[in-house]
Structures are given as structure tokens and as C-alpha cells.
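Enquirer: Whole structure, please, built from the sequences with the hints as guidance.
Chains as they are written, first to last, in this note's numbering: chain W, 125 to 419; chain C, 38 to 347.
Incorrect hints may have been included.
Some chain W residues judged to face chain C by a derived CB distance under 7 Å, without partners named [what the hints assert, rightly or not]:
hint: 1; residue: V235
hint: 2; residue: I238
hint: 3; residue: A259
hint: 4; residue: G352
hint: 5; residue: L378
hint: 6; residue: Y381
hint: 7; residue: I392
These aren't lab readings, by the way, just hints derived from the structure by calculation. Everything numeric in this text was worked out from a predicted model, so none of it was measured. Every residue gets a Cβ at the ideal spot worked out from N, C-alpha and C, and that includes glycine.
Listed below are the residues making up each chain.
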Amino acid sequence: MSEGARGRGSGPPTPSVGRSAWERLRRRKTATAGLVILGLLLAGSLAAPLLMGDPNEVDFAGVLQPPSLEHLLGTDQLGRDLLTRVAYGGRISFLIGALAVALGLAAGIPVGVISGYVGGTLDLLVQRGVDLLLAFPGFLLALTLIAVLGVGVTNVVVSVAAAAMPVYIRLVRGATLSIREQAYVEAARALGAGDAAIIVRHVLPNCLTPVIVQSTLQLGAAILTAAGLGFLGLGVKPPTPEWGTMLGEGQTYLLSYWFIATFPGLAIFLVVMAFNLVGDGLRDALDPRMRVLGS
Amino acid sequence: MRPPLGRYILRRVLYALPTLLGVTLAVFLLVRLIPGDPGRIIAGLLASDEDVQRLRIELGLDRPLTEQYVRFLASVISGDFGLSAVTRTPVIVEIGIRMRATMMLAVTSTALAVAAGVSAGVLAAAYHNTAVDYSVMMVALGGVSVPVFWLGIMLMLLFAVHLHWLPAGGIGTPAHLVLPALTLAAFSTAIVARMTRGSLLETLGLDFVRTARAKGMGKWAVIIHHALRNALIPVVTVIGLQFGTLLGGAVLTETTFAWPGLGRLLVSAITARDYPVIQGIVIIFAAMFVVVNLVTDLLYVAIDPRIRYE
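Expert: Printed below as a string of C-alpha cells:
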């Protein structure tokens, strides 16, 4: 609601006619579907060590086996069980997504809040810096950083986080700017509250809504970027079963053995779609102003 | 009342210059952040010690950073990105050879995304809350979620391997362009469709549209004659911003389809640690993105008379 009072002067953002209770329910349903998909995939990934064997166990007698009862998703070019690898891959992908978003937030929130709260020259400098980062298309920025830092899990996390950070800075700065001018913040200041207290008690909690929505969507985007890097052979190193890396590693076999590419890619697709469903649902629920535009 | 359009355009162009300068500075600093001897890094692992020494003098690597940057900037502006550390050909020549393929792919995909995205978005808005709307939104959700390289592989499996309708990779005939362009366009199409739908729904709720409807104008007449023009204004901006994602996607698409463009060159340069080529392509890509956004900003003014260009 933090920005609700600041109308855009272009009339109601949604045609109120079309917003029936039925549609809200449908939206909640799609968000629920997203949560269920995420829950299943996350549970499967977490339980992988309990249920399955070693994802790197090679079996040269059984390479490139199509799906069967023994290997539900088939085996890859080294005879490794694809189901096991896809399940273990979820651990890597979820971890990279979570760490990258956490790192992006850890860097983006303070910079955004300070830039918006302090204003003036500092704000101008920070915003020019953000402009500069946004001049690099996101995936390209991550790719460039990988070129400099080298491959590996840590560098993938850092690169993906750096690509997401400018979005957070801009988002949090915008929220901070609008909150700073609110009457209750002025009242708090008049009562003698210091800047730190105002930031912690008023500004940060009010930034939370857009940040939560954005982070959910960013989790999917981060996993997608990391998988793209992996596919190019510039992400997580083989034999670690990251989904994109699995596709890149099996590149020569992708067109001859359909199951090599299909299942790891399907996993990425499902996870990203689920995060998008939940993110869109959260936005609808938390920020009515954004309802039509994003969906 | 309105200041002349020419001055506004000039101001917008001048405003893009610092960003372009910043791009070159960022790339310059990044390459120098790599641990190790910058002479060796720029010359490449295959270069002889004499080559490295010559490069060191040529680039003034013993001089202060500011001086090095000014030299770097001067050569970039004159189109000199140095020599590839692998092939020893000028980077600008390497880029020139592959630019056409990338542009062909990017322009086709953008055209496809605009045509399909706007049509789908209009349909979804016109049939709001019906099966048409839900189907468009469902496909769009798929479009923003699907990994571009996986979509490419799946399309190849279906249309090249299974049905034998189209070639699986490479370049040459128009048929070679179909699958890469479809693959690359998927994400942008989805975004354009979502934006068109949202924007058109918003416009359809405005007073002047209600008035037109109340006058007895039909739904489609109102959409085509009144609402669409207004609704497309934010879509133009989104198309510009999409171009960045498109360039990133081009790197993946080109690799998937063995499409001999800049993206594929970038990946092989990163693998080979060919920093002059990496530098050159990153600067070119960022510059293309900045220019495309500048153009969409100007288009925005051209189609929306309400914008005050201060």
C-alpha cells in the first residue's frame, strides 16, 4: 500500500468490471499451483541423498539408455542415471538461485535505501552507476563477469547477483523516495526520531512488499541465468549435476538421444515457471496497483 | 509551447554519451581486474614474450591507468579494438564478419516478437477473461519461463530430427533462420503480449473509450481507431528494453544452432580467454543496447503527443 496514495493520474489502473471474485480465485489457484510445483521439486531435491545413489556413478555398460523401469529418465553418455542427476541438480540450482538473490539483496537494499534517503549528489552518482550497469544486458553482464572471474559455483553466484543488483537498487530507492515524503515519516522526525530509526522502523518495512515480489521473480531469473552459463560451459563445472551444465556436457548427444536434453531442461522450465506463478500471484495479492500490467 | 523536437533529440543523444563512456571505462577496468600481467592477458597465452613486450609498449601498460584509459578510449572510438589473442586478426574485422548474422537474427526475432506479441496481446484484451485470454496468458507464461537454449533444442528435435522440415543448425538459406528466430523471439513475444494486453485493458477503461462505446461504436472499431494507438505507447519502451534480453538470448541461441554470429564468437573468446575480442564484443553489445533504447525513447515522443520533452 505504500505507494497506493501516489496515484499516476491516469485513472483507475484496472477496469473494475473485469475483476470478479472468480478471477481472484483463479489467480490464487495458479499461484498455488506454482507453490505445489516448487514444493515437490524442492522436496525431491532435498531428499535425493536419502532416496538415490551417487549422481556421478558411471556405468559404461549402460550408456545412453532410454527411459525404462530401471532408469526412469534414462542414462547419459557416461551411463549416469538421469533421474538422480536431475534431482541432485535441483540442489545446486536452488542453492545458486537463493544465494544469488540473497547477495543481490544484501548489496542492493542498503545502497538503494541510502541513495533514496540521502538524495542529492550521492543519489545522482549511485543512479548513474545503476544506469551504467543497466546498459549491459543482464545475461551479458553475468557472462562478462564470468569471463573475468572464471567459472565455478561461487563466481556464478557473484555474477548472477551482480546482474540482479541494479534492479534492487532502483526498486528500493523508488520505494524509499516515496516513503520519505509520507506524513507519518515527517511526524516521526518531528518527534525526534533519528535517520537510522526512521530507516529501520518505517522505510525498510515499507520496501518489503516490492522486494518480496521482485525476489520471487528473480529467483527464477537467477536459476535461468545460471543454467544458461552452465549450458555454455561457463557455469558450474562438470561433473557437478547442474541442469544447464548437464545440457552443455551432453551437447554432442542432444539430437540423437532426446532424453538427455529433455529432462534437465524440463526441470529448469518447471522451476522458473513456478517461481513466476508465485511471484505474479504475490504481486496480485500484495500490490493491487500492479495487477493488470504484469499479468 | 513545446520546445523544438530537434533540441530534444540532441539532448537525448548527448545524454547517452556518458553511458557509452561509462561502458568503455567499466570494460577497461574489468579486464585490468584480472589477476596477472595485463600485457600477457591481452596478448593471450599463445603470444611470445617479444609480442607481450611489444604490446606493453604499444598500450603503455607501464603508464598510469588514466593515461592508459585515454589511449584505450581513443582507439575504441577509431574502431581499433586491438588484435585477437588467438587469430591475430584485428578484433574489429572479426566483429564485422559476424555482425551481419547477429543482426539478421536479432531483427527477425524482434519483428516476430512485435507482430506476434501485439496481436496476441490485443486478442487477450479484447476477449478478456475468456478462454482466448487464458490461453494467451498461459503461452506467455511459458515464454517467459522457458530456457532459450532448451527451447531451441526441443524445436530442433521436433522440426529437424523428427519431421525433417527444417535444418538443425548453420546458416545459409532462409530456412536456416526459422528455428533460431522463433527460439530467440519466444521470450520477447511473451513480454510484448503481456504488456500489450495490460496496457490495452487499462486504456479500454478510460473515459474517452467509454464515450466512444457509448456513442455506439463497436468493440473492434474502438480498439483499432482509439485504444490501440494509446495502448502501444508503453509497449514501444518495453520493446527497447527487451532488446537487451534479446542480445543475451542471442548468445545462447547462436550457440545452440551453430549460428555464426557475435554471441557465439563471444562464448568461444571467453573459453579461449581472448580478452581483446571479449572487450570488443561487450562494448559493441552494450552500445547497441544503448542506441536501441535511445531510438525507442525518441519513438515514444513521436507517437505520444502528450509527452513534454523538457
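Enquirer: Decide, hint by hint, whether the structure agrees.
Expert: Hint by hint, here is what the structure shows:
no. : hint : in the structure
1   : V235 : violated, 17 Å
2   : I238 : violated, 21 Å
3   : A259 : holds, 5 Å
4   : G352 : holds, 5 Å
5   : L378 : holds, 5 Å
6   : Y381 : violated, 10 Å
7   : I392 : holds, 5 Å
Checked against the numbered hints above, the structure breaks hints 1, 2 and 6 and satisfies the rest.
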